[in-house]
Amino acid sequence: MNNPTALSIGIQRGKLEIKQFMRQRESVVFTMAFPLILLAIFGSVFSNTIADGVTFSQYFVAGMIASGLVNTGFQQLAIMIPMERDFGTLKRLRGTPMPASSYFIGKAILVTVSMLVQVALLMAAGVAFFGVNLPTGVDKWLLLVALLILGSACSTVLGIAFSNVPKSGRGASAVVSPVVIVLQFFSGVFFIFTDLPQWMQQVAAIFPLKWMTQGARSVFLPDSFATREVAGNWETGRTFAIIAAWLVVGLIWAIRSFKWERA
Amino acid sequence: MSKVISVSQLRKQYGQTQAIDGLDLEIEQGEIFAILGPNGAGKTTTVEILEGFRSRDSGDVKVLGFDPATKGGAGQQWRDRIGIVLQSTQDAGDLTVYESVSHFASYYKNPKDAHEVIELVGLSEKSDALGRTLSGGQRRRLDVALGIIGSPELIFLDEPTTGFDPEARRAFWQLIRRLRDEGATIVLTTHYLDEAEALADRVAVIVRGKIVEIAPPAELGGRATSLATISWRDGAQVRSEKSANPTQRVTELSAQFSGEIPELSIKRASLEDIYLEMIGGQHE
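Chains as they are written, first to last, in our numbering: chain A, 1 to 263; chain B, 1 to 284.
Simulated from the structure, these hints should not be mistaken for lab results.
Even for Gly, the Cβ is constructed at its ideal location relative to N, Cα and C.
Wrong hints could be hidden among the right ones.
[Stated by the list, open to error] Pairs of lysine-lysine, BS3-like flavour, derived with a Cα cap of 25 angstroms: (1) Lys112/B / Lys210/B; (2) Lys210/B / Lys242/B; (3) Lys15/A / Lys3/B; (4) Lys259/A / Lys167/A; (5) Lys62/B / Lys210/B; (6) Lys15/A / Lys242/B; (7) Lys62/B / Lys19/A; (8) Lys259/A / Lys267/B; (9) Lys267/B / Lys3/B; (10) Lys3/B / Lys109/B; (11) Lys167/A / Lys15/A; (12) Lys267/B / Lys242/B.
[Claimed, not checked] Simulated coverage check for chain A against chain B, where a stretch passes if three residues somewhere in it have a Cβ under 8 angstroms from a Cβ of chain B: (13) 14–25; (14) 88–101.
[Said to hold, decoys possible] Between beta-carbon pairs, the in silico distance windows are: (15) Ala40/A / Gly15/B: 31 to 41 angstroms; (16) Ser6/B / Gln24/A: 24 to 34 angstroms; (17) Val203/A / Lys62/B: 50 to 60 angstroms.
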């Protein structure tokens, strides 16, 4: 006799999700290698110094680490879940005693593992090739951990919520990817945020990615750079408050809108 | 015998269409029950309401004593006791047969052994093959394996043998009978009348959201007592006539021919004849 719980099944699902992920070569490449390729291109092309002791490459690495939270959570899930809906995976699961929460625990495990791998790869590449310094001091490491946990959770629930937007699994990538890329442009990943037009900055400030990139800069760039931010400081409190607010919005949106079947 | 499923006055409307229009149904423990009906008659809607996938507008539904529309955690206890084999799916292509089946086993309180189930559905040789490398028929057997891994008391099968070759269908029917012999109740929707005839203890015909008749396949539409058609050769001519007393008529003919009746055949309406008459009469 088994005595499955939502958590034990969720952990089983997490293992299975990772196994499936590793076997889909395209998704491994797309999710893991693409940010590294971007890093290699942008980091090499724009190697100028933007402030005392800060190169554009370092600025970009911080932005790409924040983007990693969006890629592995929001983008991955908002593309994957509509496909699972089309394939009948979700309906089949709905017909079993598996609790709904186990499915989401499994997804959260997948996101966490792929996020950690991606962040580690980007940090390693940043340190090895672009003169990025690892955070110094316990407080910066704690800040990084807090940012990764909260940012990833936010990105995950928004990905689950947004999975109801694409009309089909096949079209999901075409709907989701532009959203991410536009947000990246607006949020100071590819360009220095303060160089962007005012209106773009204001739009970006509504969405969490801008705050994730700013948080990542507060971890990876020297504190002297804080004066170059919009507010003249890192705005750590506001950063976490806005990401947390999006986490709540995403959670409510996901719970209310999630569909197990293509309507 | 206890009722595994009881439905009374079930109704469901989609927009202006009354998909289910006052449907009554009782299914007993240990039977194989087939639901037949033309496309759009309400078969799928009915079954999906029984499976808890869709809501109903009105009527009473009990499946294993439980209302499938119940929200919340109680549904999980209930789902532990049923197995659902949906129409073709193409998920889990990156997992092996064994990985899928043993994973699904972890959802249930009292699962069967994954290897045994794989053997039972005839996929032992494909146990380590990835889902996406399976043929249509093998894929379907994997679906069945995933549906029965939890030792269900009640199994729903939605058009289970679509795309099977004749041999695979016979093997599949054996499997269904075996599950029934082990005590499961089986609800089957199918387009194949020979499948219903070979497997089902009783058949329900649904037309336009209502049950037209429920009967054993041999008795559907008064089939067992319908007139038999006797035909034989009389000289240069093939003659045929309908008779309520075919045995008596054959005895007479036998006397007339003093022994063997040339090219004798006696036929009753096939299930297909009866079915087409039923849905045709109700349909247009």
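Against the structure, the hints:
Distance check on the hinted pair: Lys112/B and Lys210/B sit about 37 angstroms apart at the alpha-carbon level, beyond 25 angstroms; violated. Under the criterion of a C-alpha separation no larger than 25 angstroms, the hint pairing Lys210/B with Lys242/B is inconsistent with the structure, at around 32 angstroms. Between Lys15/A and Lys3/B, the direct Cα distance comes to roughly 40 angstroms. Violation of the 25 angstroms bound is thereby established for this hinted pair. Restraint check for Lys259/A and Lys167/A: the C-alpha separation of about 12 angstroms stays at or below 25 angstroms, so the hint holds.
In summary, the hint linking Lys62/B to Lys210/B is supported, as the alpha carbons are separated by about 18 angstroms, within the 25 angstroms threshold. Restraint check for Lys15/A and Lys242/B: the C-alpha separation of about 67 angstroms exceeds 25 angstroms, so the hint is violated. For a cut-off of 25 angstroms, the pair hint linking Lys62/B to Lys19/A is broken: about 39 angstroms separates their Cα positions. Annotation: proposed proximity of Lys259/A to Lys267/B is violated, straight-line Cα distance about 52 angstroms (limit 25 angstroms).
For a cut-off of 25 angstroms, the pair hint linking Lys267/B to Lys3/B is broken: about 35 angstroms separates their Cα positions. A threshold of 25 angstroms between alpha carbons decides the hint, and for Lys3/B with Lys109/B the separation of about 23 angstroms falls inside it, so the pair holds. Restraint check for Lys167/A and Lys15/A: not satisfied, since their Cα atoms lie roughly 28 angstroms apart, outside the 25 angstroms limit. At roughly 9 angstroms between alpha-carbon atoms, Lys267/B and Lys242/B fall within 25 angstroms of each other, so this suggested pair holds.
Here's how the segment 14–25 of chain A fares: 5 of its residues keep a CB closer than 8 angstroms to some CB of chain B, so the rule of at least three is met and the hint holds. Using a Cβ-Cβ cut-off of 8 angstroms, 10 residues of the segment 88–101 of chain A lie near chain B, which meets the minimum of three, so the contact claim holds. For the pair Ala40/A and Gly15/B, the beta carbons lie near 55 angstroms from each other, so the given range of 31 to 41 angstroms is not met. Here the CB-CB span from Ser6/B to Gln24/A is close to 45 angstroms, at odds with the stated 24 to 34 angstroms.
Look at Val203/A against Lys62/B: about 54 angstroms separates their beta carbons, and that is inside 50 to 60 angstroms.
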